[in-house]
Structures are given as C-alpha cells and as structure tokens.
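J.: Chain by chain, the residues run as shown.
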Amino acid sequence: MKLTLLIWRQQGPDTPGQMVEYEVDDISPDMSFLEMLDVLNEQLILSGEDPIAFDSDCREGICGMCGLVINGRPHGPNSFTATCQLHMRFFNDGDTITIEPWRARAFPIIKDLTVDRSAFDRIIAAGGYVSSNVGAAPDANAVLVPRQSADSAMDSAACIGCGACVATCKNASAVLFVGAKITQLANLPQGDPERSRRAVRMVAQMDLEGFGSCSNEGECQAVCPKGINLSNIATLRREYNRGVRSGAK
Amino acid sequence: MVVQTDVLAPERPVEQDIFRVANNDWRPQPPLEGPLADQWAHRKDEYKLVAPNNRRKRTIIVVGTGLAGSSVAASLGELGYNVLSFCIQDSPRRAHSIAAQGGINAAKNYPNDGDSVWRLFYDTIKGGDYRSRESNTYRLAQLSVNIIDQAVAQGVPFEREYGGLLTNRSFGGAQVSRTFYARGQTGQQLLLGAYQSMMRQVDAGTVTTFPRREMLDLITIDGRARGIVVRHLITGAIERYAADVVVLATGGYGNVFYLSTNAVNSNASAAWRAHKRGAFFANPAYTQIHPTCIPVTGDHQSKLTLMSESLRNNGRIWVPKQAGDRRPPNQIPPEDRDYYLERKYPSFGNLVPRDVASRNAKQVCDEGRGVGESGLAVYLDFHDAIQRRGKEYIRSEYGNLFEMYERITGEDAYETPMRIFPAIHYTMGGLWVDYDLQSTIPGLFVLGEANFSDHGANRLGASALMQALADGYFIAPYTIANYIANASPEPVSTEHPAFDEAAEAVQARIHALLAVNGHRTPRDFHRELGHLLWDEVGMSRNEAGLRRALACIPQLREEFWHDVIVPGTPDNKNYNLEYAGRVADYLEFAELMTIDALHRTESCGCHFREESQTPDGEALRIDDEFSYVGAWQFAGVGKQPLLYKEQLEFAFVHPSQRSYK
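Chains as they are written, first to last, in my numbering: chain A, 115 to 363; chain B, 107 to 767.
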C-alpha cells in the first residue's frame, strides 16, 4: 500500500507545532499501525531527519502506553482496539491518514505525538488504592466476595490508563478513568472502609490537574479500547456524593 | 556479512579457547542448616533489623516498576525507608508484568486436591530440570500463599465461585489446581495492585517516582553499590542518585533475540551495566521459548504475541508432507498432511511439553515444510474439534483467543487453521544472587526475572508472577534491612569521583553513538543480531552453530560502532539514541549468552544441545558434569569471561531424567 500521512510535529512543549506530510510505500496490510510508523522512522533516520516521537511498549493492547488520534479518533477506527493492535488492513491503498497526539490541557505535549500523562499517576496516588500493608493481610478466603461483585470489579479494573477517554472528550474530562478505579474498589469489601475518602480525594486531584467536567455524551466509552462502561461515571458521582455528605477529606 | 566458518575447527576444546574457569567449586554462601521447611524462618530470625526511626535516614534505589520493583518499593516505603523508584516508561503502571495472562500459582490447596508447599516446590524444581537451589525454590513455594492473601487485600479481583470463595484452575502439566487468575489479565491486576500500593507510599512521602529514566550505570564505592547514573529520557539530562542500597528489578533479556513476546522497551542494559561493574551473570543460556505464538509476517514486525497454550488441548498441529506445498490448507488432503507431533509422540501427541513442541516446529520449518507467507509457521487446526464438539463449544472455550488472532492476522480460525510459531518469552538466566537476593556486589540486590534464582533451566507456567512478588513483598524487605544493619553504609555524595567517572563515561558513550553517523539504523543491527541468535542460540543448539555465532557477534559489534546512524541530539527525547544504547549492550551480552550455551554441552530444560540427546531424541542431562549454576565474571568486552561453578546439592529431592513417555 502507498499512503500519505499527515503527522503532528512539535519539537517541545513550548514550541509551536504543525502538520507535516509524509509518504510511505510498500506498506503491508499485515503490519500494525505502529510498525508502519516504525518503517517511516527508519526512512527518516536514513535520510538524517529526526524521527517521529511516539510512545509504545507492550504492543499487545494492555500496557496503555501507546495512543494516537488517527483520523480524528483516539486509537483509530476500530472499537475495542488500542493503537498498537490496529492493523493496516483496515486502510486502503492511496489513503491519507492524519495522526495527532492526545490533546488535553492536563496532558501537555512533550514532543510530536508524545504527551505527559503523569496526572493519572497523581490521581491514583490521591486515593486509588486499598491501604493494606504487606504482612497484615488475612487469609485470602477469610472475606467472601460475591462473584457478581468480583466480576463487576474486574470489568472496571480492566482500564489500561491510556487516556483515550480524555482525548476524545470535548471537555477533556477524566471521569471515566477515575470512575473505573473508584468503582472497582467500591465493589469489593476490601475497598469499602476508604470509599468515601477515596472518592473525594481522587475527584479533588482530578480537578486540580485541569481535567474538565463531564457532559454525558459518552464518547469516552465509544473509544475506550477496553470498553469501560459509562456506569462507572454514575458510580463515581454516587460515591463522591456519599463522600462529601460524610464529610470525608 | 560473510563469515569464514571453515577456519573454525569444532573439535577444539572450548575451555581456554573461549572462556576460563576461575573456580570449579565456588561456595559463595554457607549452606543453610536444618529441614527445608524451617530454613527461611531460621534465616529471618538471624537477620538484623533497622529500627523504625532509622529507616527514613536510609535511601534505597529501586530500578524497574514491574511486579518485583513495585512490590519492593511499596513494601520498603511502608516500612519507612526513603525509596527512589525509577522506570523507563511514562508511568510505573506500564511495566511489562502487565502483559502476563494466565495466572499465579499458590499452594493454598483450597480445592482440597492434595496440593502442598512440598508439591509446588517439587513441581518447580523438577520443571526447572534440577538446575536451581532447593532452599530458594522451597522458600518460593512457602511464600506463594502469602502473595494471594496480600493481593486479595489490595482489591485484586481474582475469579471467584458463586459462594464468594476464590476459584482455581490447573495449568501447565500440574496434577493439582493451584492457579489463581483474573480473567486473562492476571499480570495486569497484580501489577496494578502493587503499583497502587506504591502510589499510596508516594502520597505518604516515603516513595518518590522517577519515570522516563533509563539507568545507564551502577556506582560502586569501596566495593559496594552506592548509586546509579540515569538519563532523563525527555530532557536528556544525565542525573546522579546516591543510596545505601540499589535494587535492580529490570526484567529479562528476551529482546536480545529482536523478536520476542517482551514489550519493545524491555532490555538488558541495566543488568548488563551492573555485570560490567562486577555483578556475576548466571546461566544466560537458559531462555524459554513458547510454542504457541502468532507467527512473524515480515521483516517489519516489531514484536510477537502469545496465544494461550491451552489451545493445544483441542487443536491438531500439522504441516504438509512435501516441502514447498503451497496449496491453501483446506485443499491439502489428509494423506498429504503430517501431524508430526502425533506421529512422533503417540502418547502425548499435541500436548508434549513446551520445549519439545517448539523444537519440532522449528525442525519442520527448517525442512522447508513451514506454512504461511514466510514459511515460518505450522498449522494449529480446530477442524476436527469443531466437527466433534461443535463450533459453539470451541467459541465458549477460546472465543477471546480466536478474536485476538483475527485482530492480528485478519483470519477466521473457525474456518481456516491458525498459524503458530514459537517465540522467546522468558529468560531464566539473570544476575547471580545469593539466598538473600544479593548479587556479588554488596548492596546490589536483584529481584524478579532480572535474577537467575528459582526457575532453573525452565520455568513452569504461572510461576513468574509468583517469584517476582515473593522477591518484592516478602524476601527483599528482610534481606535489605539485614544488609543495612550489618554494613551500616556511610553517606556518600553524588559529587564523589565514582559518580564523576561514571557520568563522564555515560556522556562519552552517548556522544560516540551520535558521532558514528553511518548508514545502518539501530533496528537494522538489532534485527540481524536477533536472526543470528534465533538460528544459532535458539531452540536447538550445537557446537558448530554456537561457534558460528561467536565468530559473527564481534564482527557485528565492530560494524555497529562504525556504521550505525543515530540522528538528533542528546538533549531531548531521542528514542533512537536510547535504542542504540540498548542494541550496543545486546551486542556485548549476546556473546556471553552464546559462550554459556557453548560451554554447557549437556541438554537441560530449555537448553537443548543436539550433541546431548537420548537415542529417541529427548534432552539428555549430564548431572555428573553440569549440576551447577554457571556464574560468569566480566573480564572486558570481547575478553574471555571467568566461570564460577556454584555446585548444586540435592539433599531433599533426587534429580531424575524428565520423561514424557
């Protein structure tokens, strides 16, 4: 396949960026999208140009490090598919493809297609955990957990922290990400003692980081590679309300 | 590159020519006394402690944030130490432990099916083909039960029964069900549990995280590990950090083969730099190859994806009888197919162990009978199972795997056979550690896949997560305290000449990489090295091939330093600069791995030497000669390394030849 790529190039956080056009040829439909970019980068290196900076690691859709806005949609055209799992057979010979970074005030651009998502780590540090020191745990079967609760918790826990939900949201809201962690731990007896404090503190940190509010349009669920459900946002609101009313800080 | 192989005389003795033996009976630590079951408890009672008010005065560097790194950072933070946690990713949560699918073993015996600590220990040491220490392996089995307790307390959503109790499944040949799992994402859930515990300590002020940093050197002062030099991967700044203890939890070296199931940023550099500073490297030849991966489709491929081995329960593996038969699989009649595993191993058939399945797939492909565009694949055919049990049954068992296969290959495996091929996916070798997980450099501890300790020559399924978390949650916090209490390291400054020397060397190397300005990309060199190692130091090894590799690697290294091209500058995000540094290290490390494979003329576990097999082609271990851990000391790039043989003693189990008959 022969493709025209329009790629966002930006040298650093404080320098202006622009879309730059590149041509790639001999692209195999079996390549992944990131391998197609690897091929382009090899060409750029050999011609002495600075290759395009993008993040990726596991390349099997679980680490959450990759993330490109492809033709206007985070992670590209396919549902339940992270960028690294997208393959070139879903494009046609002669296509023009635009490739942009996640755009959100809370995810400042580092270089080209690489952004800083450390805000997510700070939100988790604010309360996305169970306070259980090593050595103090009771036997694993001492506390019964209904299967349905464990299954619901796992549905939420499947979040890979990629940030596509933020990237697609017109408000750059992070409530799907935050809601998923709050919901996972609220569903389990182990997470129950801290649920109020957790919700209040995580939401406060989320606001502090500059993420926007939610206006219920559901784009986040539509682009989530793991299909995290909007109900996690409803749970976040319920938990937050409960936390505020309980006076948690 | 043309290599003159005819000048190599295979009958030359390996020793003296390639390496030197420094010590045939190396005894780096006193043997542990008493029954296996009491050894860890006794050892813990002997350890010295650090008082709570003194812990915050002690700084511990942890490099890597996978299961081992995150768990040890969290544990040490909870105890009150000042912990500095480094990772190369943008967030600690991305470390490659996250990709582990199947599960984690623990000798809980919840199913009441006869499991015990002893059985888990025995399965592990036997599965490792009797090339690991009894004491370490037993401790691992003991601690397995605590790991599950800890993970559940953190909110890890393991699979449960309707009554609310935890459920188990069986895995990899064990006769009991001892594997705990969270759908197909067990690694992800365990890692997020450890990561969240670590982030809780960030909030508490005991742990500081340093993401997007790559460790480029280890600082030793007066023979002790005292700090690291890292490169900030965004600004390019060379940073120095001093500490009382350095912990490496930097994973395995599978990516030396270029293609593996590892993440693309997984690398050997931190371990290799520590090795060059004096840490011994043990058993580098022990690399595990998983038989059921999605095959390579072309030179552009950047990584391989694992498919659960459980598919072999219902799929039949075959290739065409005739080399070069390019007909589509559905047009090849049964009489023209070779179900080679069923033919060669009638009793085990398609369910032979991983190493046997992998070696046979390579063999039929070497004969020109491989399938697919590249010829490097075999069919895994579900046609008969679908006929027998119906499509719905197969969908209920493997639906997610068939979907994953279709996403990557674009093929519907209900209609056409899957194509599979073996891939590198775990490395049992690693930096040598003693029972305390301390390397040969005092103050340098090595955890998880980065050390060599518990899996011998072959790791059993669902035990990588177990080992990484046992090391991080339950072993290292005790042994590190003991080290600090005994050594009582004096404070050091990052202005110490050792830091200056290391930082200058790191800078010089970066400038050297940028200055070559040749014609080949780092990826191009990496790919060539990977092909070479896969062919000669892969699933099946022989002296001639290993010697060929040993002749090629230094030439490729030489060529790399004359012809690599790394554009850009050192002072910003420059992925190819990072990558070039890792490839340069692989080009050194690969030589040691090959020497280890060449010196060990027996077959054991995943290390199959063609010269050492039974008359019917099975791996033949030679205990009289090779029942030792091969620990290598660095002597200089391209110089003969020194071998220390830590003899393995079996007081509680009797090594037997593995048999699949």
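Certain hints may be false.
[Said to hold, decoys possible] Some chain B residues judged to face chain A by a derived CB distance under 10 Å, without partners named: (1) Thr515; (2) His625; (3) Pro676; (4) Lys679.
Everything labelled a hint here was simulated from the structure, so no lab data went into it.
Nothing here was measured: the structure is a model prediction, and the numbers come from that model.
All C-beta atoms in this analysis are idealised placements derived from N, C-alpha and C, irrespective of residue type, glycine included.
J.: So, for every hint listed, does it hold in this structure?
T.: Now the hints, each set against the structure:
1. Thr515: Cβ of Thr515(B) sits 7 Å from chain A, so the hint holds.
2. His625: holds, 7 Å
3. Pro676: Nearest chain A Cβ about 13 Å off; hint violated.
4. Lys679: Since chain A brings a Cβ to about 5 Å from Lys679(B), closer than 10 Å, the hint holds.
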